[in-house]
Every structure is written in C-alpha cells, then in structure tokens.
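Participant: Below, each chain spelled out in residue letters.
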Amino acid sequence: MPWSAGCAGATDDHRPMTITDTSVPLLRVTGLHKHFGKDEIIKGINLDVAPGDRIAILGASGSGKSTLLRCLNFMEKPTAGRIELAGAAIGVERPGRNGAVDTTYTERELTKVRQRVGMVFQQFNLFPHMTALGNVMEGLRTVKGMARDAAGTKAREQLARVGLDDKADTYPARLSGGQKQRVAIARALAMEPELLLFDEPTSALDPELVGEVLRTIRTLAEEGRTMLLVTHEVGFAYHFANRILFIADGVIHEQGTPDEVLKNPQQARTQAFLARHNEFHF
Amino acid sequence: MNHQWNFDAVWDNPEALLAGAAGTLRIFAICLVLGLALGLLVGLGRYSTRKWIYLPTSAFVEFFRNTPVLVQILWFYFALPMLVPFEISPLMAAALGISLNSAAFSGEIFRAGIQSIERGQWEGAQALGMRHAQAMRRIILPQAVKRMLPALTNRAIEIFKMSTLASAVAYVELLQQGKLIASLNYNPIEAYTVIALLFFAFLYPLVQATYALERRMRRGD
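Protein chains in written order, with my numbering: chain A, 1 to 282; chain B, 283 to 503.
Bear in mind the hints are in silico, worked out from the structure with no lab data behind them. Because the structure is a prediction, the values reported are computed rather than measured. Here a beta-carbon is modelled for each residue, glycine too, at the ideal position from N, C-alpha and C. All the pointers check out, no bait thrown in.
No more than 35 angstroms apart at the CA atoms, straight line, and that leaves these computed lysine-lysine pairs for DSBU-like:
| id | chain 1 | residue 1 | chain 2 | residue 2 |
| --- | --- | --- | --- | --- |
| 1 | A | Lys112 | B | Lys428 |
| 2 | A | Lys38 | A | Lys112 |
| 3 | A | Lys43 | B | Lys333 |
| 4 | A | Lys77 | B | Lys333 |
| 5 | A | Lys144 | B | Lys333 |
| 6 | B | Lys428 | A | Lys144 |
| 7 | A | Lys43 | A | Lys112 |
| 8 | A | Lys77 | B | Lys428 |
| 9 | A | Lys154 | B | Lys428 |
| 10 | A | Lys38 | B | Lys333 |
| 11 | A | Lys43 | A | Lys77 |
Which bits of chain A does chain B cover? Going by a derived footprint, with three or more residues having C-beta under 8 angstroms, they are:
| id | region |
| --- | --- |
| 12 | 137-146 |
| 13 | 186-195 |
With the sequences and hints as input, model every part of the structure.
Facilitator: Structure follows, in structure tokens:
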C-alpha cells in the first residue's frame, strides 16, 4: 500500500510522515470479503492505515463503502479476511472448508476492539433517555467503569471540545441534528479511541447544519487523530484527507492523495462519479 | 325494584373486610412481582436466538396463554400436591396460577417492547464497547420499559382483578369475604356492591399513579 507516499501540499497537512513502510500499521486489512446472503458486497479489500492517517472513502450508493467501514469495528462480521489492529490479528483463525480460513470472534475481544476503534453514525444513535452529558458518560461508566465524578468531568471536557458544554443537561430530542452529531462525536472521543470511524456523519443533516459537524471533524484532523470517513462531501474530503479511497463494486477502484484522485482521476468510473458530483456546481 | 338497601350488616363486619383487603393486597403484590420478573425472563428467552432457550420459553408462553387461570389455580391446588412432597396452601396455588399466567402475557409485552427498539440503539451501545447484556440493561430495557408501561399497567390491573379467582380455593381475599358476608346475612346485593366499590377504590388511584409515572418518564422525548 503506497500510503507512505505522503500528501501533496494541497491539504492542510503539516505533520511530517514519520511512519515508514517497515513499521506496523495501526490497522491492516487483508483480503476482506463480506456477503449478505448471496450478495457479495465487499470483494477483497486490502488496506493499511498508518497512525495519523485521514482517509476519506468515496463511492456511489451501494458500492460497499459503508459496509467496509462497518467491518472495521465489527458492526458487520467479515465473511472472510483478516483485520489486524496494531499488529495483532482480531479473532481466532481455524482452517475451514476448501482451504479457506474461518475466523471466530468472541464478544470479549470485540468489545475491546471497539473501545479502540470508535464510530460515529449517520443517524447519530444517541441514547434518547439520557442527557447529552449522560450519553458521553455512558461508555466511561459502563464500559470503562469510571467513578461518576471522574466520568462527569471527562464528559464535560469532551462536550466543551465540540462546543456544546452549555447543552450538557439537554436531552437529544431538544438538540438540532448538528448538535446531536457533535454530542455523538464527543461520546466517541471520550473513549479515547486510537482510530475513529465516521459513517456518512452529515448525510442525515439539513444542509445548513453540515458545516458545524465538518468543522468539528476538521478540528480533530488538525490534532493528528487517525480517522476514516465515509462521505458524499467531496469538497470536504479534499480538504480533510491525506488519502482518498474510491470504492466501486466492493473493491478499491482507485486511491491516492486528494490531488491525484479528485483533481486527476485515472479511472473512468472515478471520473464519472466526480462528474456527477459536479453536475450542478456553479 | 322495591329492594330496601341496607348496608349495616356489611359494615358490621369490618374485620372480615379488612382481612379480605389484606389478602387481596398480599396476593396482588406477590403476583405482580413474580409475574413481571418471570415475564422479563420469558421475554428475554423469547428474544434469544439460542434454540434451547427459545423453545422451552415459547412452550411455556403458549401453554399458559391457552389455558384458563381458574383451571390452573384449581390444578395447582388439587393436582400438584400429588406430585410434590409438600402441602400446597390456597395462597400458593392461586399465586402460582396467576403469576405464571401473567408471566406468559407480560413476557410477550417485554419481547415486543425490546424488539421495538431500533437497531441503531444496539449499534450505538456496541460501538462504545458494551457487551450485549450491558447494552440490554443500560440502553435497550430502559427505553423498552417506557414504551411498555401502558401495557404493563393493564397487566397490573388484570393481576389485581384476577386475585378474585383465589376465592375458588377459599383463599381469604375481598371476594371470598364478600361471599361469606352475603351468605351469613342473606344480603348479596349489598355485599357485592361494597366489594365492587372497594376494588374500584383500590384500582382507580393505582391507574392514576401509573399515568403520572408515564408523564414523568416522557420528559426526555
């Protein structure tokens, strides 16, 4: 994977790439497949994510880009393939039929993985019976077993980071879509994940609310967080990412720096996808 | 038509009515707790994907939903003592019948309530690293119970009224005492009128209290 090629000057990337090809990637995906019944959604994806990488995943609806992301924290269990987190393979591999490898996952292991790989959802998935603060505290209390006071303090810090410290005692029903998504980001951040996954975080938002969420995500990018973002916001992807993956038919169809993929796409399908996105540009 | 209403004989036996009320409240409390607790287990069992959990709980639900409570109580009182090495009191027989029957019905309420919670709530909990049981306890059940509250209230009212069936095995509760008073003084009209009003006096505040509880739980919406 040529991720170490670094990033051309077009993005706001100012951190030197310190990881070399020989070091262990934060996340390594090898030969990933995912079937839903007879439909094969992911058809063999290899991917290395280095610490500090900001990867935007683009593609048409149904291309498999969300499924790929959801396999990375096991919201979907891969049908085949290996996922390694910081060099350690997840799951227990056993020889299966026809020379294939069957991987079994225990709940215990997956809950550990998910504490290290956070996720922000398109539909927010906030807990409606808890306040904004309660939502952010929940993982700290239930999963990390933190004391109430410590969890409360930490949760308030996270809400402050997304600019919502004044909404701590508000229930999700009283928040705007953009505020809900920022609470969801604070909730994921509170767990201090090594890798953060965003699954179309602005697709459920009214256009005027998209900006506040994208600005929040950009702030995280500037802190050097490792993030994968599935999005339809091509313009944001250009500014946010150091690397773009274009997914089509369940494979990585084209990848490279934002300038390579978005300004000078080599594949016909990438070109067509971008042309559709620019159709009503003015 | 020209009946002369005379409640004196009913009020002349305050101890009998008090004992009846105490008996009704006792069996109601036992059956409410047992019925809902077992119902939660049954509901979780019916939700399970494991056959060895799902099949027995489903059989339990079907059996108790499709037989009358009165028959169950009589069976527990007369037939069960032949199978177990201890005595079955009227309270035990009646409480068993009503609790198990209620568990079957409230189990369906719990199952439907749990299933009504959208998948995203499970995923939001899982993505934080919660185990299935933690997600159920912290995220799914609190929301499900809120949605189930009207149905569970109806169940509680049903249990209260079903307690009268315990009179079939001569357990001392309000209806049993009403029958006693009616036969002692030959005044069934007054006796049963008082019993009906006493039930209303118990149930009406109970229902009002659950309305208040529902309003309180809705504050987050």
